[in-house]
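K.L.:
Based on these hints, arrange chains B and C on the given structure of chain A.
Sequence order for the protein chains is A, B and C.
Residues are numbered in this note's numbering as their position in the first sequence, beginning at 1, plus a constant of 1.
Residues are numbered in this note's numbering as their position in the second sequence, beginning at 1, plus a constant of 86.
Residues are numbered in this note's numbering as their position in the third sequence, beginning at 1, plus a constant of 1.
None of these hints come from the bench; they were simulated from the model.
Honestly, I wouldn't trust all of these hints.
[Stated by the list, open to error] The list that follows gives simulated cross-link-like pairs (lysine to aspartate or glutamate, EDC-like), each with its CA atoms no further than 20 Å apart:
1) A:Lys278 x A:Asp171
2) C:Lys292 x B:Glu185
3) C:Lys80 x A:Asp390
4) A:Lys260 x C:Asp254
5) A:Lys281 x B:Glu122
6) A:Lys281 x B:Glu131
7) A:Lys210 x A:Glu293
8) A:Lys260 x C:Glu155
9) A:Lys281 x C:Glu154
10) A:Lys71 x B:Asp149
11) A:Lys145 x A:Asp359
12) A:Lys260 x B:Glu131
13) C:Lys221 x C:Glu206
14) A:Lys121 x C:Glu61
15) A:Lys88 x B:Glu314
16) A:Lys237 x C:Asp254
17) A:Lys121 x B:Asp215
18) A:Lys292 x A:Asp176
19) A:Lys281 x C:Glu155
20) A:Lys55 x A:Glu41
21) A:Lys260 x B:Glu122
22) A:Lys88 x B:Asp146
23) A:Lys281 x A:Asp171
24) A:Lys71 x B:Glu314
25) A:Lys84 x B:Asp146
26) A:Lys145 x A:Asp220
27) A:Lys71 x B:Asp146
28) A:Lys260 x C:Glu154
29) A:Lys88 x B:Asp149
30) A:Lys190 x C:Asp254
31) A:Lys237 x C:Glu85
32) A:Lys121 x C:Asp69
33) A:Lys84 x B:Glu314
34) A:Lys190 x C:Glu154
35) A:Lys237 x C:Asp84
36) C:Lys80 x A:Glu397
37) A:Lys84 x B:Asp149
38) A:Lys145 x A:Glu361
39) A:Lys210 x A:Asp234
Spelled out from the first residue to the last, the chains are:
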Amino acid sequence: MRRKRIAVWAALGLLVAALSVVAAGCGGGSDNGSASTEIEGLGSNLDEIKANAKNEGQVNLVIWAGYADKSWADTFTQQTGCKVNTKDGASSDDMVDLMATGAYDGVSASGDATLRLIAKGDVAPVNFDLIPNYADVYEGLKGKSYNTVDGVGYGVPHGRGPNLMVWSNDAISPDNDSWAPIWPGTDHKGKLSIYDNQIFIADAALYLKATQPDLNITDPYELDDDQFNAAIDLLKQQRPNIGEYWDGVTYAKQVTSFKSGEAVVGTTWPYQVNLMKAEKPPLNVTAKVPKEGTTGWSDTWMIASKAAHPNCMYLWMDYIISPDANAKVAEYFGEAPSNAKACEKTTNPNHCADYHADDESYWNNVYYWNTPQADCGDDRGDVCKTYEDWRSAWTEVRG
Amino acid sequence: MTESRTARICLRLGAAGTLAFIYFPLVVIAIYAFNENISQTWPIEAYTTKWFSVAWNNPDVRDALWLSVKAASGATVIALVLGTLAGLAVSRSRFFGREVISFLVILPIALPGIVTGLALQATILNVLDPLGISFSIWTIVIGHATFCIVVLYNNAVARMRRVSGNLDEASMDLGADGWQTFRFVTFPQLRSALLAGALLAFALSFDEVVVTIFTSGAQRTLPIWMFENFARPRELPVVNVVALFVIFASIIPVWIAQRIAGGTGLAAERAGQGAVAASIEAEP
Amino acid sequence: MTSIADVESPPRQGPGRRLSTFFVRHSRLRLAALLALPLGWLLVIYLGSLFLLLLASFWEVGGILGTDIVHSWNLDNYKTLVDEPVYRNVAFRTISMAVLVTVADAVLAFPIAYYMARVATPRTRNALVVAVLTPLWASYLVKAYSWRTILGEEGVLNWLLAPFGLSGPGYSSTGLWLAFTYLWLPFMILPIYAGLERIPGSLIEASADLGGKSVRTFWKVTLPLAFPAVVAGSIFTFSLTLGDYILPGLISDQQFIGTVIYNDRGSNLPVAAAFAMVPVLVMTAYLWGAKRLGAFENL
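Bound conformation, chain A alone (with noise of 0.2 Å):
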């Protein structure tokens, strides 16, 4: 009996050591895709694409809410005869996640995932030649830090925007200029509503940038030590104070509760504000760029590297950006246009003056979402907080 008990259980030994063999060969080694737009099954000139769009039947995105909505994705339909078909991603971290499934054919990354998604090998970059309306992108959206490695470019400019600090005009006069009601200090407590993922470090950090010159923040997202304690320290005491958290997938939950007064004040995307000015009746509610400056986000278009529908995709890309589809989307979600000629297709004539499309300048002032690095960029060398040390942290102040 004993003797086989021992039989059993070296026979259950071997077969973990064999399963440990096994995975401690496979499994980690990111497959460091190689700087090449060749993707299996993609045409090489547009009628080929075309005509193989027609064969793959769809195309699957990870997208932000509201980026294909069906009055615009039908008609891309129509044309192409692809299928649409969509996953909202509740975060950059998401769309990270959602990507390296390799189930998806492509992307809308703002720039705390496309490095990531790079660096992975998850997406491939573009051969802009394949996509007639990348000839309009406005100039100065072209071969950006957090979509162009070495030169080669790895997708196309969605639009841009701010993130906004939205709040009831009950609570909060709307002459506000200041974050100050959603930080430390509040007259709001148990009333915010903020988003839930560690890049709200920065806007954290941007507040500090204007409270706290004295510690000579200039990107909020390279941050060494001090200026990333500071940030978390202010994040923790405004912890206490926060009603509820949202995200890519639950912004909805901000427009009710802004509805019933549960949350005043808080951080938000324009496509909320756009949701709560449609109720019946309108919100009363201001949402605007406070002194301090804000976040925000340039989203890419990427394509994963093993794209079950290169063609469709392309096709989508190319769709996107086109004059039609892009001002649609910047009217419907709230943000700039990338394509100068969608200015024209809003359709209220105001919409590419309101949002600062072809205004540098106040881009300037828009920290677009990054994806922060060991390598602060400057002369402090590599002492900044990496990507993971802000998801800890976040899940830290989280608690």
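P.N.:
Chains B and C alone, transformed into the frame defined by chain A:
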């Protein structure tokens, strides 16, 4: 009955109260399926049945429904085979490790779905992907089958416990070989328990969400479709309609399972099946 | 009527028959053949995956973004779990919630289970079993979202309580506890019902005959006999609460074990894997304890 009258009244009240508690949110769901307005305010201002036709005409819903049916079918078949085999082995022999099997079989439902899901996804990404197997309906089926095994296993063991082994021995004494004995003697006794278990395993797999999130890639089962569309304000009433449909559609398998399991003496067995099975279903 | 000649001639020894005879003679091999598939499946697919996760918990992350997995073996992740207070707090919060939910479910489930098992007529009993089982098949997600609506500031609960001058718990820990209790209640009712049904009526009658009043009989006879069933039900309520991240995300702003694992898994799988071992250990211990208390017979 030996309970006092007051005890019985209290119990009746308690039972009624608990039932009311159980059904209250379901009634709320049902009411919201008829809500004209998109935002879920209360009380409801206007009622409509338009969302039912919207749901019916939505191709995504139909695709998701069909995928769920296919995945649940595959998972049930696999669980049926594996669970029955294991159940037969455990109930007809005494061997070292018998308890280990029971433990091993229950582990997939006892461990939280996020752990199972994360582990399976890690395997798919790091072991299967390099081999060319990526996320597909099969990865979903594998995940679901793993935690459905226990339903069939428990049913098989419970039924075998009730059924004496003498019949099998008699059959073999009379000259039937092992396979014939199984076909003509063992299986008919097992059949109703297995069928009831299969129905429950199907229902579990149909509604599972967390493990599916990790094993599905871009595939959309019905729960995943619901999960995505709950967040989209314009689709919310459609989800309520679909949920209502699923509730009503699943009354049928539940009722069938009850009928198949037989008379009141097997109520405990039914209840046990339901408990284990249903716990997997709510698998977060 | 079969003739002796028919009975005496033995059936031909086909390959199937030879195989089955072989297995009858070598019962251990038959056992192995029966177990090969299911055991293989569970060991390779399930335990193998869990093992991979365990291995990952000993790795670390590095690189310029801090998110590259490095296969260097160390215990740093476990040290982090111990050193950083947030992990302790989250684990404590989750386990406490799981305990509270289990207790609430046991208290709520017992009356109806007892009623179904011992008081109701057979027809009522069948109806009640269907009535308790049906809501289980209502989608978990739908029920979770409906609680979000119910608990909201302008939701049903506040509306119901307003005439009494009360208000509901809202999106607080209490509200979350209420929602959890609701979701897992049927998983507690059914095993307790099954366990109570198994108790022979003669025992209860004997206790009554010996002079035990209802309450005394309940405490001294029924409850101890039904306890293993309660433990069986508690396995589900406990483990389901332990790992859930969807409901806490909807109804509270607190992090639970599932939330942290879900958020960490992308950029720091080793830490997520290490933290995932916490519910594994807790549930393994719980299962072992439940088994000792006889719960496995009540599943």
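K.L.:
Would the pair A:Lys281 and B:Glu122 pass a check requiring their Cα atoms to be no farther apart than 20 Å?
P.N.:
Since the Cα atoms of A:Lys281 and B:Glu122 sit roughly 13 Å apart, the hinted pair holds (cutoff 20 Å).
K.L.:
Are the Cα atoms of A:Lys121 and C:Asp69 separated by 20 Å or less?
P.N.:
holds, 8 Å
K.L.:
Is the Cα-Cα distance between A:Lys71 and B:Asp146 20 Å or less?
P.N.:
holds, 13 Å
K.L.:
Could you grab the alpha-carbon distance between A:Lys190 and C:Glu154 and see if it respects the 20 Å cut-off?
P.N.:
holds, 17 Å
K.L.:
Can you confirm whether the C-alpha distance between A:Lys210 and A:Asp234 stays at or below 20 Å?
P.N.:
holds, 14 Å
K.L.:
Given the hinted pair A:Lys281 and B:Glu131, is their alpha-carbon gap at most 20 Å?
P.N.:
holds, 12 Å
K.L.:
Given the hinted pair A:Lys260 and B:Glu122, is their Cα-Cα distance within 20 Å?
P.N.:
With Cα atoms ~18 Å apart, A:Lys260 and B:Glu122 stay inside 20 Å; holds.
K.L.:
Are the Cα positions of A:Lys71 and B:Asp149 separated by 20 Å at most?
P.N.:
Judged against 20 Å, a Cα distance of about 17 Å means the pair holds.
K.L.:
Next pair to validate is A:Lys260 with C:Glu155; report whether the Cα-Cα distance is within 20 Å.
P.N.:
Holds - the C-alpha atoms of C:Glu155 and A:Lys260 are around 9 Å apart, at most 20 Å.
K.L.:
Decide if the proposed pair is consistent with the structure: C:Lys221 and C:Glu206, CA atoms, cutoff 20 Å inclusive.
P.N.:
Holds. C:Lys221 to C:Glu206 sits at ~13 Å (cutoff 20 Å).
K.L.:
Is A:Lys281 within 20 Å of A:Asp171, Cα to Cα?
P.N.:
holds, 17 Å
K.L.:
Hey, A:Lys210 versus A:Glu293, does the alpha-carbon distance stay inside 20 Å?
P.N.:
The given pair, whose Cα atoms are some 8 Å apart, holds under the 20 Å limit.
Checked against the numbered hints given earlier, the structure satisfies every one of them.
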